[in-house]
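Now for the letters of each chain:
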Amino acid sequence: MIFLTVGTQFPFDRLVRAVDSVLDEGLIDEEVFAQIGETSYKPHNFESVASLEKRLFDKRLKEASAMIGHAGMGTITLALENGKPLLVMPRLKKYREVVNDHQLAIARKFEAYGHVLVAYHEKDLPDKAGQLKGFVPTKRRTQVEEVARRVSTFLDGLCESGQNLPGKGNC
Amino acid sequence: MAGSANKLRICLAASSGGHLTELLTLSDCWRQHEVFYVTTVPVTGGALRKSGAVYVVGECNRQHPMRVLRVFWRCLKVIFKERPEVVISTGAAAGCMVCFLARALGAKIIWIDSITNIAGLFLVQWPELAAKYRRVEYVGTVI
Numbered sequence: 007m008i009f010l011t012v013g014t015q016f017p018f019d020r021l022v023r024a025v026d027s028v029l030d031e032g033l034i035d036e037e038v039f040a041q042i043g044e045t046s047y048k049p050h051n052f053e054s055v056a057s058l059e060k061r062l063f064d065k066r067l068k069e070a071s072a073m074i075g076h077a078g079m080g081t082i083t084l085a086l087e088n089g090k091p092l093l094v095m096p097r098l099k100k101y102r103e104v105v106n107d108h109q110l111a112i113a114r115k116f117e118a119y120g121h122v123l124v125a126y127h128e129k130d131l132p133d134k135a136g137q138l139k140g141f142v143p144t145k146r147r148t149q150v151e152e153v154a155r156r157v158s159t160f161l162d163g164l165c166e167s168g169q170n171l172p173g174k175g176n177c
Numbered sequence: 435m436a437g438s439a440n441k442l443r444i445c446l447a448a449s450s451g452g453h454l455t456e457l458l459t460l461s462d463c464w465r466q467h468e469v470f471y472v473t474t475v476p477v478t479g480g481a482l483r484k485s486g487a488v489y490v491v492g493e494c495n496r497q498h499p500m501r502v503l504r505v506f507w508r509c510l511k512v513i514f515k516e517r518p519e520v521v522i523s524t525g526a527a528a529g530c531m532v533c534f535l536a537r538a539l540g541a542k543i544i545w546i547d548s549i550t551n552i553a554g555l556f557l558v559q560w561p562e563l564a565a566k567y568r569r570v571e572y573v574g575t576v577i
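Top line first, the protein sequences correspond to chains P and Z.
Just so you know, we're using the working numbering here: the first sequence kicks off at 7 and counts up by one.
Just so you know, we're using the working numbering here: the second sequence kicks off at 435 and counts up by one.
Hint data in this document are derived by calculation from the structure and do not stem from the laboratory.
Since this is a predicted model, take the numbers as computed values, not measurements.
Some hints could be false.
Short, incomplete list of chain Z residues facing chain P, as computed with Cβ under 7 Å [what the hints assert, rightly or not]: (1) Gly451; (2) Lys542; (3) Gly574.
Note that beta-carbon positions come from the ideal geometry of N, C-alpha and C, so glycine has one too.
Let's have the full structure, built from the sequences with the hints guiding it.
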């Protein structure tokens, strides 16, 4: 099963419609299940729901052989953490799918690192969807410990200096 | 309020989805402190409630000014009620509002990965950005 997820805040008709037409043309031979948020286009080739509870979302994610989604960091992270091949299509400001083009920037960066496949346009989708099955995402290395340490040092500093914090500020 | 010694009252503010995921990677930092959460949709609240109160203020963006006002009003109520000493936020709009409101009441701000200049500690997740702005640090990525 391919899990299609487009986030829940804004509609993303362009992607849901594009996936539906890829199925029309028989270019994906797997079943698709989708979380489509406020998207008004209703796909006819696969089952879709507006939103899934976290537990059910995780279950679908585990079952999926691959994912297609918008280029949101939440989606990208989930795919990488679960080792799922992910094809993203960035939401674009010019179509009012998002407030700025940060998804485009994220898509370019993460594509360059080999973390995701990207369809920048609907017409790229059939080709990229074909590559999805054989795509092995590069593992991402993060520095959570370093960032956490820096934040902790700052908090400790506040406690020690007893800077004039609101409330009692009595560290 | 800020009861025992060595405890800060920390507001953790992040929109549901990627913003919240990023923030929660840093959970170890506030284990010893007293926390509450501000987020944007109810479904994300569940597991968070174990560690602190969860306030759901709703989604908003610049295209819907009325929603922005409604979310701003809800943030205002939360901040006046809870009076955090520190806000840690990864954005987006609601997180930013919480930072400004809490800052106005004297809280210290830790802003991770976006652009406001009110933060006491400002961390970005691309080295290019840290090179471009003063007082902005890159120490690595969380996601």
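Here is what the structure says about each hint:
no.	hint	verdict
1	Gly451	holds, 4 Å
2	Lys542	holds, 6 Å
3	Gly574	holds, 2 Å
When held up to the earlier numbered hints, the structure conflicts with none and fits them all.
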